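Asker: Each chain, letter by letter, is given below.
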Amino acid sequence: MSTRDLAWAAVALALMGCAGATVTETPNLGRTATPAQIAGWDISIQPDGSGLPSGSGTPAKGAAVYEQKCQACHGVRGAGQPNDPLVGGKGSLASKTPARTIGSYWPYATTIFDYVRRAMPYLQPQSLTNDEVYAVTAYLLRLNGIIGESDEINAQTLPKVSMPNRDNFIVVYPIKPAPR
Amino acid sequence: MAQPERSQGGVPRRQFLEHSVVVLASGVLAASAQRAGAFEPPETPLWMKSPGAGMSEYGQPSKYEVSVKRTGIASRPGTTGSGASRTPLEALDGMITPSGLHFERHHGGVPDIDPAKHRLLIHGMVRRPLVFTVEALMRYPRVSRINFLECSGNSGVMYNPAPPNLTAGQTHGLVSCSEWTGVPLRLLLEEAGVEPAAQWILAEGADSAAMSRSIPMAKAMDDAVLALFQNGERLRPENGYPVRLLLPGYEGNMSVKWLRRLKVVSTATMTKDETSRYTDLQADGKALMFTYPMEVKSVITRPSPGRGLSGAGLYEITGVAWSGHGTITKVEVSTDGGKTWGAAALVPPVLPRAITCFRMPWKWGGGPTVLKSRATDNTGAVQPERDKFIADHGNNAIFHYNAIQAWSVEANGEVKHVYA
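Going down the list, the protein sequences come from chains L and B. Residues 1 to 180 in the working numbering are what the first sequence lists, from first letter to last. Residues 181 to 600 in the working numbering are what the second sequence lists, from first letter to last.
So that you can see chain L by itself, here it is in the shape it has in the complex:
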């Protein structure tokens, strides 16, 4: 065996070694996150309510917040214009002009709290207090006839709210059914 052959054998062995390796070495530069760091950033709410903060609100309190912070974009009592309507559309989903609103379309009430807190009002996201977010959530649910006038929305009651369109979603991950 020539020197060249030996060199090639070494390369081949090295390549086999690489092919067998499944673990990629990394520099492990993540710093352990403290509970306080996590608490400050963890704003997402799961559909079972985990992540919901303390606090509460009623439709009446929410109406006041809505008129001040939301109405300019979403219209009087959520009627819409210039941006999305937040009420109505019940029974329209199979029509030629479906209206996808919180009441007619959204499957989980927890999404209202999550989204309003993280992204609304558009020009001042994450500016509402938790009580204000609960109150606006209660007001929107009331406008859609989903809760009563005096119902209080908090971390316990919100995940129990039954959304009218909840059962009309077909989860297709990981398998998408063939078109009918």
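The reader is advised that the hints may include incorrect statements.
List time: in silico PhoX-like cross-link candidates among lysine-lysine, alpha-carbon distance up to 20 Å [what the hints assert, rightly or not]:
hint, chain 1, residue 1, chain 2, residue 2
1, B, Lys543, B, Lys519
2, L, Lys90, B, Lys466
3, L, Lys96, B, Lys568
4, L, Lys96, B, Lys466
5, B, Lys543, B, Lys596
6, B, Lys568, B, Lys519
7, B, Lys568, B, Lys466
Using C-beta positions, here's what the derived DEER-type ranges look like [as the list claims (entries may be wrong)]:
hint, chain 1, residue 1, chain 2, residue 2, range
8, B, Glu496, L, Val23, 46 to 52 Å
9, L, Glu25, B, Ser247, 45 to 51 Å
10, L, Ser50, B, Gly373, 18 to 24 Å
11, B, Pro241, L, Ala60, 54 to 60 Å
12, B, Gly373, L, Leu123, 35 to 41 Å
13, L, Ala64, B, Pro344, 19 to 25 Å
14, L, Glu25, B, Pro257, 49 to 55 Å
15, L, Val172, B, Pro344, 51 to 57 Å
16, B, Pro241, L, Gly55, 33 to 39 Å
17, B, Gly274, L, Glu25, 49 to 55 Å
18, B, Asn558, L, Val23, 25 to 31 Å
19, L, Ala36, B, Ala233, 52 to 58 Å
20, B, Pro529, L, Gly55, 53 to 59 Å
If you're looking for bench data, these hints aren't it; they were derived computationally from the structure. The structure presented is a predicted model; accordingly, all values stated were derived computationally and were not measured. Glycine included, C-beta positions come from ideal geometry on N, C-alpha and C.
Got chain L; can you put chain B on it based on the hints?
Answerer: The following block gives chain B in isolation, referenced to the frame of chain L:
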């Protein structure tokens, strides 16, 4: 082909602009407009008679290409940053989209993020929650891959009962393709130590909408990348600088930009953008949820509306095809409204979950006809005719439209969008 010929140097700027309007308005006039100021042989061109411009620190496209720009820019009422812009597909040729022309879809504008101050938090169902600086991420082993990103609302206007009077970019330009380079997400998840019961990851951006989506753990551990580079340079701000998620083949909204947080969880979070949006409402009022991979799709970019023909003769039909399920194996083109089909040439490299360019020579006899393209991928999926697609899904889905696109060629060479 009616690629508008640009006016040449030596033409005063104002005259050039006037010419441009004419050129764009009609391909037939292009030749005469170009001849007006041209340096025909034997005259020596003006630009050979003195030295040209010096070097530059960051190059820009030719000033004669100023009309090639993102198109269909629209934002929600009262906002400038909650909307989309589209890639002008009809003006480009190649699998890679220039970074400055990559489509945009923002929900709360483009944040101005100082990379030194940006952090990524990984927490939830992990052994050790971790915070990463961008500097730290830059030290991890990287992978590079060429992948398209397509907004799942791309071509959503095609659900309308009447064909829209729009260009190829305006209907199909919410797709772009780049070389993405970054850290496999799996490496960071392994460092944090994911608990066995964890099935999903909530991904959240550092934009004012804190845009968030649930990512299946299987995808995260498979080919998900934390992209730091796009086409060889650091990400553009509008594409998620300094770090974004990249989920090859999945609907674009899931590749969360300006990534700041990954929460490992047991169930999907059911965020606004995976419930009230990006769910596909079917004709019966039920909605499909978690329709992740973008389906096999193609569109002819030339000829196309605004890119008409200037008289009978030989032309090259060009277009783009892609599939979130894998690799494009075939693109067929019909020049007689779908009666007969011929295989177009695929331009190498043909890569999985990447834009594949196709070409086919075509002798136009000068009569009216309809052009179509039909793509097939390596899973055997074939682009459906629009009639079939609408019959299956209805007109209300908004998202995941992938039917065959038809362009009508008129006797005068003009190209219009038709449902045929």
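Asker: Just pull the numbers of the violated hints for me, sorted ascending.
Answerer: 13, 15, 16, 17
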